[in-house]
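Let the hints inform the model, and build the full structure from the sequences given.
2 protein chains.
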Amino acid sequence: MRICLLLFLLAARVASAQPASPLTAQQGNVKLTVALDAEGRPTYAVSYRQQSVIKPSRLGIKLAEGPGFDGPLTLLGSETKDVDETWQPVWGEVKSIRNHYQQLTVHLRQPQAPGRRLDMVFRVFADGVGFRYEFPQQPNLKYFVVADEVTEFGLTGNHKAFWIPGDYDTNEYPYTTSKLSEVNNAALVKASTAIAVREAPDAQAVQTPLMLKSADGLYINLHEAALLNYPAMQLHVDPQTYQLSARLVPDATGSKAYLHAPDHTPWRTIIVSDKATDILSSKLILNLNEPSKLTDTGWIKPMKFVGVWWEMQTGKSTWNYANRADTLTEAGQLIPHGRHGATTANVKRYIDFAAKNGIPGVLVEGWNVGWEDWFGNWKEDVFDFVTPYPDFNVQELQQYAAGKGVQMIMHNETSGSATDYERRLEPAYTFMNQHGYPAVKTGYVGRIVPRGEHHDGQWMVNHYTRVAETAARHRVMVDMHEPVRPTGLHRTYPNWLASEAGRGNEYNAFSDGNRPDHETILPFTRLMGGPMDYTPGIFKLRNYSADATRRVQTTLAKQLALYVTLYSPLQMAADLPENYEKEPAAFQFIKDVPVDWDDTRVLEAEPGEYVTIARQEKGKSNWFIGAITNEKGRATTLKLDFLEKGRKYMATVYADGDGADWQANPEAYNVTKTTVRAGAKLPLRLAPGGGAAVSIIAIP
Amino acid sequence: MRICLLLFLLAARVASAQPASPLTAQQGNVKLTVALDAEGRPTYAVSYRQQSVIKPSRLGIKLAEGPGFDGPLTLLGSETKDVDETWQPVWGEVKSIRNHYQQLTVHLRQPQAPGRRLDMVFRVFADGVGFRYEFPQQPNLKYFVVADEVTEFGLTGNHKAFWIPGDYDTNEYPYTTSKLSEVNNAALVKASTAIAVREAPDAQAVQTPLMLKSADGLYINLHEAALLNYPAMQLHVDPQTYQLSARLVPDATGSKAYLHAPDHTPWRTIIVSDKATDILSSKLILNLNEPSKLTDTGWIKPMKFVGVWWEMQTGKSTWNYANRADTLTEAGQLIPHGRHGATTANVKRYIDFAAKNGIPGVLVEGWNVGWEDWFGNWKEDVFDFVTPYPDFNVQELQQYAAGKGVQMIMHNETSGSATDYERRLEPAYTFMNQHGYPAVKTGYVGRIVPRGEHHDGQWMVNHYTRVAETAARHRVMVDMHEPVRPTGLHRTYPNWLASEAGRGNEYNAFSDGNRPDHETILPFTRLMGGPMDYTPGIFKLRNYSADATRRVQTTLAKQLALYVTLYSPLQMAADLPENYEKEPAAFQFIKDVPVDWDDTRVLEAEPGEYVTIARQEKGKSNWFIGAITNEKGRATTLKLDFLEKGRKYMATVYADGDGADWQANPEAYNVTKTTVRAGAKLPLRLAPGGGAAVSIIAIP
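In order, the protein sequences belong to chains A and B.
Mapping to full-length UniProt numbering: the first sequence position 189 is 189, numbers consecutive.
Mapping to full-length UniProt numbering: the second sequence position 141 is 141, numbers consecutive.
Hints listed in this document are in silico derivations from the structure and should not be mistaken for laboratory results.
Check the hints yourself; a few may be wrong.
Each pair may be met inside one copy or between any two copies, as identical chains are not told apart.
What the hints assert, rightly or not - Computed cross-link-like contacts, DSBU-like style, restricted to lysine-lysine with a CA-CA straight-line distance of at most 35 Å:
1. Lys316 x Lys142
2. Lys142 x Lys190
3. Lys62 x Lys190
4. Lys179 x Lys639
5. Lys62 x Lys620
6. Lys540 x Lys645
7. Lys142 x Lys55
8. Lys275 x Lys213
9. Lys591 x Lys620
10. Lys645 x Lys142
11. Lys632 x Lys348
12. Lys620 x Lys673
13. Lys632 x Lys31
Below is the structure:
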C-alpha cells in the first residue's frame, strides 16, 4: 500500500537551503525584498520604480501556546516560480483576467525546539504584492490558536489616508481624509449613533481596504484577499513612524483564529501605482482568490431590481405589520397599524413597475413575521424566515410575478443572530426554491449571536461562507448586508454576487448622509474587495423624509453615473416607482444600463475627487460611462478611443443641467443625443456634487 | 375588537396591598417566612418542625443595565393559594405523584423610578420549599440581562456537606464529604486530569444538588427545578458564616442570562427532613416542573441495553478506525489499524447477545467517521453524524437487529461543538428515523463551541432543550452525556430519559475510579434532579484494563444492586458479553430487573454510607430490591411489609459471597431463593464495598 506522506514531499522541497542574503522577486515596476533582520526575524520590503513603498517591515504570527513565529527564525530555503495565466470570471467588470506574477516561497523554522516551520509565500504582480503565512503539515504544529499577527506595513511618510474606523462590527462609517498622523477614530465612533453596533476599542485602528496617497504621488492600497476561516485584519496606525500593524478581530475569548496545519492565512495585499486609475483597474485581489468552487454556474444571472424598501427607509411605510408584538387581539393576532409596506397589493405595484420597465427583480423587505421586535435586544430567536405576515400572500405573488416575467428577491434579516439563522438555513433556502426566489438579500443588523463574537471575527467569516455555500447548493444568489467587507471571494463563490459592508445610499435616509466625496472614495476602499449593493438611483433627492433636513448629497445625474462607477452585478433602482415615473427621460438610463461587462476602462480617477469609468456591455458593442465628482464642479473631455473602430454609435448623455448643484438644484439634468465614433471627444460638465452618465449604443 | 392586555390583568391582581409584616406559608412541618429587611430588601427563611433550616436570607437579581432587584423594594401585595393535585408520569419511580403545596406570591416594586416590578413565588411542600423570581410584563422591563442572582441560603451551622466543585463545564468529580468550613475545591480540580474540561474559578463554589446534614440530624438538599433558558446555579460557601450564595454560570461575555419579560428564573429548591429516606423519596423537584409538552408519548419506552462501549473504555478496541486522520492511502482512505470496535461483525455479536438474553437495545459508539481526531482541539467541525466507517454497515445491521427483535441505539458525540451539532440536527435525527434507531446517546466531551460558552451556561441549557425537542419531533428518546445536571425536566420532556452529568462507572476504566461510598452519595446529589445513565453491571471488576491498578471499587453483587438504587429508565448492562456469559447466575438479575416502576420505597439511607430501595415493577406485583454500602460491611434486616398481603412470592437474593470484599474478593457472590410473603423479614449481609440485589416475583 502506498501512503501519501505530505511531510515527505515538503521535506524534499526545502532540501536546498539558500544563503541568508536578501531574497527578491520582481514583476514590472514592483520589487519585493525579504530578509531576516538583525534578530533573525523575517522582514519584507516593497518598492515601485526604485521608490520605497514599504520599508523593511516585520512579519510574524504569535501563537497562544508554545513558541510562535514572532521571534527569530532560521531560513531553510526558498524558491521562486513565474506564473502567467488567464481566466474568465462567471461575471464581472471584464471578460478575461490575466494572472501574472512571480512567486517567492520562503521556508522558515524556529531555531529551537519544537522547530516549528512556517512558509511565507509572496506573489509579486506588476501592480503590487500579495503574501500570506502558510503552516505546512508538521509533527509539532497541528491545531493551534493565533494569538496575534505581527504583520507590519512600514510606510515611508505621512501619507494622505482615506479611512474609516477599525470597528469589529461595522464598515458603515463615513470616510475621513487625513494625514496618517491625524488618524483618530474616537470622536467619529462616538458620534455615529446611526450605526447600530459599534465596537472600535483602538482609536488608532482603521479598516481595510485602506487607500493612501504619498506626497510624491504614489497611490497605495492595503487590504487582504481570500478571507476564509480567519478574522478580518485591521490596521493600527503609529502616528509618529507611519508604521501600520495588523490587528485581527478577536473572538469571544480574545483569541484571533483557530487553525489546523496544513493551513494558511488570507493574503495581505499591497497595490501600488503612480496612477490612481491603476488602483481601480487592479485584479490583484481577485487573482489571489481561488477559482470558482461551483462547477455549474449557468443559473447565476446578474440583475437589476426594484424593491419595497426605500419607502420604509424614508418612513412612508414600515417593515413591521403591527406596532407591538406583545399586544394582541383576543384571538392572539397582531393588530395591524395599516402602514405595512410588504402588502400583496403594494408588492404587485412594484411587480407591475418592474415588468413595464424591464427590471428583472423585485425585493420585498418586511414580508415575514418578527419585525415588531426584531432589533437591539441581542435576541437569539427573532425570525423564522418562512412565515409571511397575513397581508403578504406568498403564493399569489409568486404566480403574479411569474406571469409578468419578474423574479422575486427574498429578504432574510437575521438581526445578527447567526446561530439561529444557521439552524433555519435549510428551511429558508428550501422555501426560496419552492416559491421561485432566485436571490436573497441577507442582513446582520445587531450584535452577533453567538454573543461575544463580532461581525468581522473568524466565526462570522465562516458563517458568511456557510451561507454562500448553502445558497449555492440551493442555486440561490446572495447579496449580504452588514457582513465583513469583501476580499474577492466572489471569484470562488460566484453566487455571492454582492455585499453591502459599507456605508450605502441608505444613510441618506436616516442620518446626516453621505458627503459628496463619498462615492469617489468608495471605489478605492470598500469596492476594492468586491461589488457593493450601494442602492443608487434616488431621483427625489430632498423632501423624501419627514425630517426635512435629510437629503441626498448628489445631483440626479450623479445617481445615474453611480450605476457605472460603483460596480455591482446586482444593482437596485432604489427609489419609489412614482418618483421614477415622474422622470422617464432619466429613468431610461437605469433601464438601459447593464450589470455585467466584457470590458472596463478607468478613464480618470482621484480618490475623494472624481472617478470616470467606461464599461462595455457583456456580449455587445455598447459602452456605458459614469463620471462623478465631489463637492466641486468639474469639466472634462473624454476620448472615446475604446470604441470599435469604424463603428457608429448613438451616445446619450445624461448630464447635470444648467445651474445644477447638489445643494441648490440637484434635480436639474438634461439628456442629449449625438452620434460618435472611436476616437471622438466627449466633453462633460459635472456640477458641484454632480455627475454624468452616458450610454453609447452601437448602431447596427 | 377586544384586546388582551396582560398588563391590565396583572395590575388587577396586585391591587390589594398587604401590610409589611412578615408573610408566611406552611405545609406540614415546613414553614416559610418572607419579609423585607431593615434596608427594604426581600428575605426569606425556612424552618422544619420549628427548627431553623434557612436563616433569614437575601433574595434579589442584579440587572446589567439600570436599577435591578438587589436593593430596597416596596411590597405591593401578596396572596396565597393551596394546591393539591395528582398526576401520572409517563414513566418513573412511582405511577402517581401528589403535588400538594401552599403557594405564596409576593409582589414587589422598586421604590424609585423606573419602578420595575418583581414577583417572588414560593411553593411550600411538606418536604421543602421551591421559589422563583418572576418578571411580570411591564412598561419599564422588557429585554434585560441578569448580571447576577443574589439568592442566599443562610445555613444554621457547619453542616456536613457532600459536594463536588462548582465547575462551569463538568459534574464528573468524585464527591468530597466535609464540613462546610472545609470546602475548597482547588486541589481536587487541579488533580482531576481525567476530566476533559475543567473550569472552576471559585475554590469555595460547589455544584448542586448539594446534600447537607446538620449536627442535629437534619437532612437538607439544595438544588433547582426546571432549568430552562437560564444558566445553572452553583453555590459559593462562606466558610465562616455557612451562608451559601447563588453563582450563575456566565456566558462568553460574563453576563448570566438574557431574559424577556414576562419571564422567570428556574425554581430554587430546599428539601428538608429529619429522615434521609425522605430526601430520596421527594417529588418536590418533579412537581415544580411543567407537565409534559408531548401529547403523544406512547412511543416512549424505557429500556435496558448493552453496547459496544466498555471494550473501548478498557482498551480492548477503539472508537477510531485508523490511528491518524492525516495519513491516508493513495486513494485518500483512512488506514485501518484493525482494532476498531464498531465493526459489523462485532456489533452482530452484541445483537446476538441482546436477543438471547432479552435485552432490548444495543448501543454502538465509534460507528461514524471522525474519531481519529475528535477531541481536545476546540474544533468546530468534527462529526457529521450520518457517515459510518467503512466497516460498519448501517443497512445490514438495521436488518439484522430487526430480525432479532433488537433495537439499535444511536450515538452522537459532539465533542462540545454544539453549533455544529445544531446545524446537523435534522439530518442526524432523520438518519435515525430512516435506520430504525429509537434512542440516541449524545455526548459533549470537550470545550464548548460557541467558544467562550460553558456546558452549564444559558446558551447550552437552551441547546439541550432544543436537542430534546428535535428528538421529540422525530420520536427519538435521548440520553445526554456531559450536559448540565438534570433539574426534573424529564417531566416536561419525557423523551429525555436520562443524562450522565455526573461521575459514572466509566471512571473506573480510565482513572482512579469511584470510591466505595460514591454510589451511596449519588442518589442524594446527582440523582435528585433526574435519572442517571451510570452504566452499572460490571462483572469483571479487575484486570480489565492494560493498567493493572484499575479496578471497580465494588463487589459484583453491589453492581447488581445499582440497577435498583440508581434509578434510570435507561439502564445499560455495561460489561462485555463474554464476562456476562461466565456468570449466568448473576446475570439473571440484570435480565429480570425492570426499568419502569409502579412504586418505590426507600427503606434505608444515609448519604455516604448506605442506601436500600425497593421498587415494584410497572404493571406487575413483582418487587426488586437493591441494597448497597460504602467501604464498611453492613448487616441489615428488611421488613417486606410492602408486598401484597396474602400473596406468595419467590425471592431470589443475589448477595455478596462469604469472604467477599471489594478489595480482596469482589467477585464472590451467591444466589439463594426463598418464598416470602408480606411482612416477612429478609436479612442481608453486605460485604465491605458490597451490596445485595433481590428479585421478589409474585407466584401466580
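The hints, checked one at a time:
no.	hint	result
1	Lys316 x Lys142	between (56 Å within a copy, 28 Å between copies)
2	Lys142 x Lys190	between (42 Å within a copy, 26 Å between copies)
3	Lys62 x Lys190	both (31 Å within a copy, 27 Å between copies)
4	Lys179 x Lys639	within (34 Å within a copy, 92 Å between copies)
5	Lys62 x Lys620	neither (52 Å within a copy, 67 Å between copies)
6	Lys540 x Lys645	neither (39 Å within a copy, 93 Å between copies)
7	Lys142 x Lys55	within (33 Å within a copy, 55 Å between copies)
8	Lys275 x Lys213	within (10 Å within a copy, 83 Å between copies)
9	Lys591 x Lys620	within (16 Å within a copy, 81 Å between copies)
10	Lys645 x Lys142	neither (59 Å within a copy, 69 Å between copies)
11	Lys632 x Lys348	neither (41 Å within a copy, 83 Å between copies)
12	Lys620 x Lys673	within (20 Å within a copy, 97 Å between copies)
13	Lys632 x Lys31	neither (37 Å within a copy, 82 Å between copies)
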